[in-house]
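Just so you know, the protein sequences line up as chains A, B and C, in that order.
Sequential numbering from 601 applies to the first sequence in the numbering used here.
Sequential numbering from 8 applies to the second sequence in the numbering used here.
Sequential numbering from 831 applies to the third sequence in the numbering used here.
It is possible that some hints are incorrect.
Claimed, not checked - Here are the computed lysine-lysine pairs in the DSS-like style, where the Cα-Cα straight-line distance is at most 30 Å:
#, chain 1, residue 1, chain 2, residue 2
1, A, K803, A, K849
2, B, K110, A, K704
3, B, K123, C, K869
4, B, K113, C, K1114
5, C, K1114, B, K110
6, B, K189, A, K674
7, B, K17, A, K694
8, A, K704, A, K694
9, B, K17, C, K1028
What the hints assert, rightly or not - Listing some non-contacts, in silico: residues in chain C with all C-beta distances to chain B over 12 Å:
#, residue
10, G963
11, M985
12, H1032
13, I1056
14, A1101
Unchecked claim - Partial chain B-side listing against chain C, Cβ under 7 Å, derived:
#, residue
15, A47
16, Q48
17, A51
18, G129
Keep in mind the hints are simulated off the structure, nothing from the lab.
In this text the structure is predicted, and so the values were computed from the model without any measurement.
Think of the CB as a built atom: it goes at the ideal place given N, C-alpha and C, for glycine as much as any other residue.
Chain residues, written in single-letter form:
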Amino acid sequence: MGRIQLKSVTKSFGDVEVIPPLDLTIEDGEFTVFVGPSGCGKSTLLRLIAGLEDITSGSIEIDGSDATDVPPAKRGLAMVFQSYALYPHMTVRKNIAFPLRMAKLDQAEIDRRVEGAASVLNLTDYLDRRPGQLSGGQRQRVAIGRAIVREPAAFLFDEPLSNLDAALRVGMRLEISELHERLATTMIYVTHDQVEAMTMADKIVVLQAGVIEQVGSPLELYRTPRNLFVAGFIGSPRMNFIEGEEAEKHGAHTIGVRPEHIAVSENEGTWNGVVGVSEHLGSDTFFHIHETGLAETITVRADGEVGFRHGDRIQLTPRADVIHRFDAKGLRIE
Amino acid sequence: MARAVTTRRKSFNTALAWAVGLLIFFPILWTILTSFKTEAQAIASPPLFLNFNWTLENYAIVQERSDYMRFLWNSVIIAGGSTLLGVIVAVPAAWAMAFVPSKRTKDILLWMLSTKMLPAVGVLYPIYLLFIRLGLLDTRGGLVVVLMLINLPIIVWMLYTYFREIPGEILEAARMDGATLKEEILHILTPMAVPGIASTVLLNFILAWNEAFWTLNLTAVDAAPLTAFIASYSSPEGLFFAKLSAASTMAIAPILILGWFSQKQLVRGLTFGAVK
Amino acid sequence: MATQHSRSVARLMMAPAVVLLLGWMLVPLTMTLYFSFKKYLPLRGGDLGWVGFDNYIRFVSSSAFWPAVQATLVIVGGVLVITVVLGVLMAMLLDQPMWGQGVVRILVIAPFFVMPTVSALVWKNMFMDPVNGLLAHLWRFFGAEPISWLSEASMTSIVMIVSWQWLPFATLILLTAIQSLDSEQLEAAEMDGAPPLKRFYHIILPHLSRAITIVILIQTIFLLSIFAEIFVTTGGAFGTRTLTYLIFQRVLESQNVGLGSAGGVYAIILANIVAIFLMRIVGKNLDA
């Protein structure tokens, strides 16, 4: 079980309120991702749930019982830190066993669980090494191993992949997702990378300046962003925003069109512009279009084989059914 | 990338550096050599470098005549006691400042440092007077306290810089893993801090061993350590070069050996972490 | 970041160190200030009442004061110049690739670990003795008349001894600093066509400036209060009586506590002026 409920939780550091009153429910077994730009309070929120920081007011319930004043270790949560926070003077085996030793489990049980975790995480051959002798990915797995042996009510991940190189990051992303499938335990995952959020989450919580901008499944956020911030944050390349006359035609202050929802053509379209930089990814090509009279640059995602060149004047057609409309306050118009 | 250097250049560097190094080391070498000569050989003209009859008689004489062991013992007690006491007081303080920093932490650290800058001579008489009143003059206990106090800022600072290198996330991880404060200190902090504490102990032992203002001014006979013992050679016994050398060698040898182990920590300890 | 509970534990853990140092600072300081306004001669009548700023005025107007200031400045200045200049050179030399670097380092650092009374005595007797000292032998070897160092060239001798003791400190710190210099910076300068001397002047020296400042400040604080080296060699004679030594003599030798305490207050003020600069650098480093 691992249902976590935050009720009007606030956090202030001195006079600075980093989290204004916030309510959030994380259901049992859900993979929830907190995403937002750096400094948005997502890590603080995670640390409040972990109990590493005191909340200023409000309450936190875990599985229906008040955990607000329960110390971190007694909340039944396990955390994987950004720096992995492995104990450098202990072997992998001892690192993974540490929480079990602290819980005063008997040695046979400790060995059984450590061996189990090690085989799940492919660490069996490394059990007698020290963290210093491991690669980044292996360290990451040790940190996860230390978390899973406790069989916690929920896992907390604080930007766990940000110290890994790009290739490894993709691999670990899959491993964590698989782990979630297998354990079906609640996981809360903090990241600033919307790709991680989109690919892993059951539920995404988008945060800005300590405020929840939107909560929903990845596709909900993609399809119906509640405001300009979410619209701009979720999706890559970024959504194009157009203001002024063109927006008024749609009865909005701002309209948003995703790059993948604009068709390009040589001779017919709604808008036109001049091709600037093209980024060829092979499968896709991103064109940055200037002189459209709509916005400084319009980004378009086209098929990889589309072959316009720098300086070509081309025609653009947005898909009418997926134009997002926002009012003057930046809120979505349905 | 380090650049490959020609062998010729490297040979030149080596020769020059060794020459300079030996020149700087020479007074110590000469003292050690002289300690094995007879008094006559020690003042022979021209001076004898290695071509003399090595003898241990000076060491025997120094030990017999001046109760050397008592001075040595005093040095050990004073340097060891003040360092130990200092570390006991400083470890919790440095731990708190490194892991639970507050807005005032920096001010407290700098203030501690400022007490180290207090010139000893400025407070010589008050301390002297207090020592007389409290019956501490010429006692090892009194010196242990004074040397502990003058080195306490350095001890706190060094420990602080070492502790700060222990990532806070590791301690949080331990807390999440269910370690109590006691267990956190026992299983995580102490093993990770031991190298830093050892270096701190080493450097401060050296500093206390060599301290020569308070040890000279606050001792007479009973508590006098090696610094005072050597100072007593200033005249006229100092003219017995071989015995002076033997006494000096005995006073500095243990510290030279310890010092070689602590050269890396020296920089950190004496610059308060400002140069790393 | 911490919880309320850990904060109060932290305060408790700091308390002993803070209280001890506070006592160590305040009690003697208050007493020194108190005595400095008194005519206080423990062996000749004891406490003879308040005298206002008399001691402060008498201390600076005594015939011994200005020579003491001069001696202090010469020793501190001389040792600083020698140790910093040689220290930079030594650091650059030791930074070069060579065989037996570790051993050379040890040889160079050794003097720092020699207790002050030993180094003073060894230099005084075995090197500077006008008859049997090694330097006398060296002078005679070259046909020169040996010098009686500590009486004829007393200041030079003391500066030499103290420089020998402190050169390792400067070298070690500057070496540490030099090793943190990114070699790509030097290679970039070389590509930009800077010859070795210019590279030293434009790249190495600026890189070392902070370490040099720290060496100067820390050494100044220690050098202002050197004691054993003078106590053992000249006993303050031949113009080597520094402020520290003068105060020591007033307080413990002539037992004029009021006068000595006034001197002590001057010394404290002087040290604090240097200390402020040092603390500023150290404090900045703490933020980084």
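Hint check:
1. A:K803 with A:K849: violated, 34 Å
2. B:K110 with A:K704: violated, 38 Å
3. B:K123 with C:K869: Answer holds: B:K123 to C:K869 is near 29 Å, not above 30 Å.
4. B:K113 with C:K1114: holds, 10 Å
5. C:K1114 with B:K110: Distance of about 15 Å is within 30 Å: holds.
6. B:K189 with A:K674: holds, 16 Å
7. B:K17 with A:K694: violated, 47 Å
8. A:K704 with A:K694: Roughly 14 Å separates the two Cα atoms, so the pair holds.
9. B:K17 with C:K1028: The given pair, whose Cα atoms are some 22 Å apart, holds under the 30 Å limit.
10. G963: At about 9 Å from chain B, C:G963 fails to clear the 12 Å cut-off, so the statement is violated.
11. M985: Correct as stated: the minimum Cβ-Cβ distance to chain B is 19 Å, above 12 Å.
12. H1032: holds, 19 Å
13. I1056: Non-interface label on C:I1056 violated, nearest chain B Cβ at 9 Å vs cutoff 12 Å.
14. A1101: Label violated. Min Cβ-Cβ 5 Å, cutoff 12 Å.
15. A47: violated, 11 Å
16. Q48: violated, 12 Å
17. A51: violated, 9 Å
18. G129: Hint on B:G129: holds, closest Cβ of chain C at ~4 Å, below 7 Å.
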